[in-house]
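Each protein sequence line maps, in turn, to chains A and B. This note's numbering puts the first residue of the first sequence at 719, with every later residue one more than the last. This note's numbering puts the first residue of the second sequence at 719, with every later residue one more than the last.
Honestly, I wouldn't trust all of these hints.
As the list makes no split between identical chains, a pair holds if one copy fits it or if it spans any two.
[Claimed, not checked] List time: in silico PhoX-like cross-link candidates among lysine-lysine, alpha-carbon distance up to 20 Å:
{"no.": "1", "residue 1": "K1061", "residue 2": "K809"}
{"no.": "2", "residue 1": "K797", "residue 2": "K809"}
{"no.": "3", "residue 1": "K1122", "residue 2": "K806"}
{"no.": "4", "residue 1": "K787", "residue 2": "K1058"}
{"no.": "5", "residue 1": "K723", "residue 2": "K844"}
{"no.": "6", "residue 1": "K844", "residue 2": "K725"}
{"no.": "7", "residue 1": "K728", "residue 2": "K844"}
Because the hints were derived from the structure by calculation, they are not lab data.
Each chain, letter by letter, is given below.
Number of protein chains: 2
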Amino acid sequence: MSLIKEKFLKLGAEFAPGQEVRQDTSEIKLRGEKIPGTPVDFSHGDVDAFEPIPGSLDRFIDGVHVGGKQAYTEYRGSKLIRENVAEKLSKFTGTTINAERNFIITPGTQGALFLAMGSVISRGDKVAIVVPDYFANRKLVEFFDGEVIPIEMDYLTANTNAGLNLNQLESAFKAGVKLFLFSNPNNPTGVIYSPEEIGSIAELAQQYEATVIVDQLYSRQLFEGRTYTHLSAQNLMDPENVITIMGPSKTESLSGYRLGVAFGSSQIIERMEKLQAIVSLRAAGYSQAVLKSWFDEPAGWMEKRISDHQAIRDDLIAKFRGSEGFQVRVTEAGSYLFPKLPKLDVTIGEFVKILRVQANVTVTPGSEFGPQFTDSFRINFSQDHQAAVTAIERLIRIVEVYRK
Amino acid sequence: MSLIKEKFLKLGAEFAPGQEVRQDTSEIKLRGEKIPGTPVDFSHGDVDAFEPIPGSLDRFIDGVHVGGKQAYTEYRGSKLIRENVAEKLSKFTGTTINAERNFIITPGTQGALFLAMGSVISRGDKVAIVVPDYFANRKLVEFFDGEVIPIEMDYLTANTNAGLNLNQLESAFKAGVKLFLFSNPNNPTGVIYSPEEIGSIAELAQQYEATVIVDQLYSRQLFEGRTYTHLSAQNLMDPENVITIMGPSKTESLSGYRLGVAFGSSQIIERMEKLQAIVSLRAAGYSQAVLKSWFDEPAGWMEKRISDHQAIRDDLIAKFRGSEGFQVRVTEAGSYLFPKLPKLDVTIGEFVKILRVQANVTVTPGSEFGPQFTDSFRINFSQDHQAAVTAIERLIRIVEVYRK
């Protein structure tokens, strides 16, 4: 097989969220009847149930009317909009972000992740990533010919922190890891790293002169009683070795505009812009204007969005805990849950296909987040509340049918 | 220097179109006074002078109102929109394009190029590219650790064809080149490859089992008396070895929506989708809806757009030919001109900076299109007609001042 075909085998996207429609389910054998109910796609949030920030489309239309200046921005994004967003993010994160040197607008946070990873990883570099963590992290390291060094996170046992294995992280740095990538809150578990964990990550990175990329995509959606620690604001490591990624695609439901940002190290941002120049030139010019509505939501809008999600979370957790054999940690931020299943007599890949065909419920298999998570699945519970509850009831009925 | 820093040095974007605002011009010494006049940025088309297809914004707004289905499409793009566009492009190119297997929507044609190149090139692969050709082509080969094999095009001498050196191309294939990438019409010269040249490229690629990526971005804007040959319609080579790239960013002025497409080889399209999954997920969902207006312009709109551009072309050519020492080939398709300058006593890098500072005229240096083109520059003449003419008058005055 040619090298390029081999490389792309590792990039399988069959189980990636949103791609389920391309799955082959012809071999799946169902036990019993289909279970009717409103289809729910838990692979991503439902922006019809939780709509984009009010006025976002108006900001877009304003952008179109600005014309050529908005269509053809610098590759790192419109200066005016960078200034607008850098100021809001400086305040949110407690970090001083220079819009000219330390900030780039990207096509989604996925775009930011790709550009950041491509700007730091050379062939053969060892890169530490958390397991479980966002499924693209591993694929990015492999695409750039790096070597994945997994760092375990004992999220089910821990309760006052994320449960990151800091000894493993230090060993990894000692063994030559020069880049650590993690999401906070963690995707897929929804746990937040404690101040002590963030402090240790920063101190270790500083000691071993490593770069840290932190994906803070869901960091605004904090549930009752939770606090959040921004790595970039800790002043524990060289700011030229930190990149923070955020974006309005999740809590704010702006995914259809493909917007993300990265801020931090001026050197890495500079490389990210050079890479963006050959990847897609820039985030869609008119879309960039929509960032004006981010962190400028109507009064009370964010509070209501968070409390609505907390109510869904609580109902789903109660369902899982009411059924024997599920294990699940309560989401602390964001809209993900990562339940561990009872023993089944089908594989996780079969289970997610059965669930979709037999009960019209789409979830993402745990194996996307680390090869060992063959007994877990991720849901994004940013859905119509009632539909989500009844979909999880169907999921539990399916589990009963296929239980070992 | 670290490997990654070295790699990014090759990706310099200082002279890339649209990035001029980041140039350091503090060292530039001007002779004489500034020449006043309406600023013209010839580095890209002016979408205020030539506006987007009427109704494009309405299609976008329709897309927003579709909601979640439009925000979260498959990574290769919305099925309905792929079907719509594949049908129109099948008709335009004379090729049968299967929307499900042979088609992907990308963030601009730049996105399509990046994904296609990343899906074909392995480390160390020899890749043939034309000189001069689009500046990102070389950078893409280098980013993917390929080796650039330049194929010369004698565009100034030729007149019934593009002037591609087919002997060099065959030698390159003999020497192991497995990928040939070219733009047709050629960027930056605006020449069209003859039917014989396209036939020879296809036959050689077939003989040596090579893949061909053809960037047809400007192939709709054909000037009077010109005909165009679609490689994909020639049936001279295995269709699984051809990728064609197009998009509505140029003639149709839709760049602000960041839309492109690629069609052809199902295997390569499959890999492009996997790569898109980690690069930016998808072309902005709502933007995809704008593709409905592409190839569905109001009656007469395209004809007028072409004749307006032809009139600008003719006036600028007359200006260059009226000034001693310029050499320029007449644009056959698209909006680029690539004039060769008389001998100057400043470098091309200095010349473009001087021109911008002293005369408010922005052009792209020839060296972006191949290291040997240090005496040429590219302009995109999709500009306000009168402003373009007076800007070229200023450019010619600057040339007089710095002539050797």
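Hint check results:
1. For the identical chains of this complex, K1061 and K809 are neighbours neither inside a copy (47 Å) nor across copies (54 Å), given an alpha-carbon limit of 20 Å.
2. Proximity of K797 and K809 under a CA criterion of 20 Å is satisfied intra-copy only: 18 Å inside one chain copy versus 41 Å between copies.
3. Taking the shortest alpha-carbon separations for K1122 and K806, neither the intra-copy value of 52 Å nor the inter-copy value of 52 Å comes in at or below 20 Å.
4. Taking the shortest alpha-carbon separations for K787 and K1058, neither the intra-copy value of 50 Å nor the inter-copy value of 29 Å comes in at or below 20 Å.
5. Taking identical chains as interchangeable, the C-alpha atoms of K723 and K844 lie at most 20 Å apart only when they sit on different chains, with a minimum of 17 Å there against 23 Å within one chain.
6. Proximity of K844 and K725 under a CA criterion of 20 Å is satisfied in both settings, with 18 Å inside one chain copy and 18 Å between copies.
7. For a Cα distance limit of 20 Å, the shortest separation of K728 from K844 inside one copy, 17 Å, qualifies, whereas the shortest one across copies, 23 Å, does not.
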